[in-house]
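K.L.:
Chains as they are written, first to last, in my numbering: chain A, 1 to 186; chain B, 187 to 535.
Worth flagging that the hints you see were computed from the coordinates, not collected in a lab. Source: prediction; values computed, not measured. Cβ coordinates follow ideal geometry from the N, Cα and C atoms, glycine included. Please note that the accuracy of each hint is not assured.
[Said to hold, decoys possible] Computed far set for chain A versus chain B, every beta-carbon distance over 10 Å: (1) A49; (2) G89; (3) G91; (4) S159.
[Said to hold, decoys possible] In silico DSBU-like links for lysine-lysine, alpha-carbon gap of 35 Å or less: (5) A:K152 - B:K473; (6) B:K363 - A:K152; (7) B:K379 - B:K535; (8) A:K177 - A:K22; (9) B:K473 - A:K38.
[Unchecked claim] Going by beta-carbon spacing under 8 Å, a handful of chain A positions derived as facing chain B: (10) K22; (11) F25; (12) S27; (13) G45; (14) P48; (15) W79; (16) R130; (17) I131; (18) Q135.
These are the residues of each chain, in order.
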Amino acid sequence: MTPRFVIAVLLAAALAGCYREKREFQSPPQTSPPDVVKASELLPGDRPALRPGSKPTPDRSHLDENAYAVNQGKRLFRWYNCSGCHGGGGGGGMGATLSDAGWRYGHEPADIYATIVEGRPNGMPAFGGRIADEQVWQLVAYVRSLSGQLQKDVAPSRSDSLSGAPPENERDTKKPKPEAPPSAPS
Amino acid sequence: MRARRLLPLALAATAPATTALAQQRSAVVPGAHDALLAAGPQAAHIGALWNLTVFICTAVFCAVLIGLIVALWRSGRGRENLAPDLSSIGRHERGPYLSVLWSVGVSIALLLVLVAASVVTDRALARASLDNAITIDVTGHQWWWELKYRGDAPADNFNAANELHVPVGRPVVVRLKSDDVIHSLWVPSLAGKKDLIPGRTATMSFRADRPGRYRGQCAEFCGFQHAFMAFEVIAEPPAQYDAWAAAQRRPAPEPADATTRRGRDVFLGSTCIMCHAVEGTVAAARKGPDLSHVGGRSTIAAGTLPNRPAELARWIANPQDFKPGANMPATALSEDDMSALVAYLGSLK
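Chain A on its own, in the form it takes in the complex (with noise of 0.2 Å):
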């Protein structure tokens, strides 16, 4: 055991170790989407949805550990003006803040997916039919690394813009707890 061979050794394990992450261009074959119950009156535009949204299958909450789908997540957050009422940086404003622990409407990427599509009381859109699944799953990854819920070599590191929040992965990782919603405006 020569010391050089160790290090041939170490180096060739840490080889074993490197993968280069896959882009994902092609979005599963969309299955025909049940009708869900919208939680929202607001919609985009000024027609009902062709399709009227969909549940989460199949589930593509993997999503959260690939850099490249958390990137698209960031650039449509941004295209979709999420950001108009939630933040550029998800730290709030008209919308909830998405960048603390609270969670009004569940933590889980399933329950975010929901409440994109569904949409939620007291002015959050309901986006089925809007957003390509695809998307929204993207935008669900994103939206966890406001909260520093994803790993730090996948959330993104930097803004194409000029930004006051700290980067999503320099953020501490927020335990999530539920909050309750606001009750309505009388």
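With chain A fixed as given, assemble chain B onto it according to the hints.
P.N.:
What follows is chain B alone, placed relative to chain A:
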């Protein structure tokens, strides 16, 4: 022209699994993509500089080769069994100094000629008249071109994508911006390349003196689908251009029959509305190409596919089949909904 014939070969080599697709999407933009075919004064200046450079370099190359051949021819020939002739070592030579002097002098003179030609070309390009110019803001996106025509009054402005119509004989000022990464605008028949850099505005100008279709291409690697970020400049007689611009300023036409009405409902009730705009409807998103008059364009997806109903339907169903990595998601629609949507988009002339 030869480059265009080689394009399908190159595509087939890079994507063997999708050869059929590659053959289909090549040779879609029919315009000329030829740096030697100048269609305007800017391209003509650059062409003249190119011709001079090629001429001088060819002359120098030939002179060097001739000198080499003459030297080889005149050199003494040794034999295997003879000792090498070393008599010239240590002998003082006069001739070589003169020839070195000559070649250095000629090289400097030719380099000065090239520098002077470059300066003259730059000045000619900078002095090109911009009277009565039309102004177009071109924004590069991954992977398509957004066009904003700027008129004197706000009502004269309109948006388009991927097909740049210009009037023949009028200068065009293009202001270049980028939404994401660095792109580069290149229409070899009309002007040189100019980069589109995020956060900056670059300006270039050109004039098309001959009507025709001139192909353009992104010339700075910008991601997966850089190669399929083409566009077309369509130079038309002024009257024809004015008619086109007037049509573009109008909102999208109302659907005329039941099929296109249904197509509009599909468009407004589906994922399309999140990114695309159709003037005259509630669809006003600016993240994808403006589709108000998409039916009048000859290609879709930035010169990737011909704008025919069958190709349009396949593109909407799954853009990732044609441009993997593009930001447009796959959209599952029933057959009826898809044909209605395609009919609606085709009716937007």
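K.L.:
If a hint holds in the structure, say so; if it does not, say that too.
P.N.:
Quick rundown of the hints versus the structure:
no., hint, result
1, A49, "violated (5 Å)"
2, G89, "holds (20 Å)"
3, G91, "holds (23 Å)"
4, S159, "holds (13 Å)"
5, A:K152 - B:K473, "holds (29 Å)"
6, B:K363 - A:K152, "holds (33 Å)"
7, B:K379 - B:K535, "holds (31 Å)"
8, A:K177 - A:K22, "holds (32 Å)"
9, B:K473 - A:K38, "holds (27 Å)"
10, K22, "violated (12 Å)"
11, F25, "holds (4 Å)"
12, S27, "holds (5 Å)"
13, G45, "holds (5 Å)"
14, P48, "holds (6 Å)"
15, W79, "holds (5 Å)"
16, R130, "holds (6 Å)"
17, I131, "holds (6 Å)"
18, Q135, "holds (6 Å)"
Hints 1, 10 from the list above are not met by this structure, while the remaining hints are.
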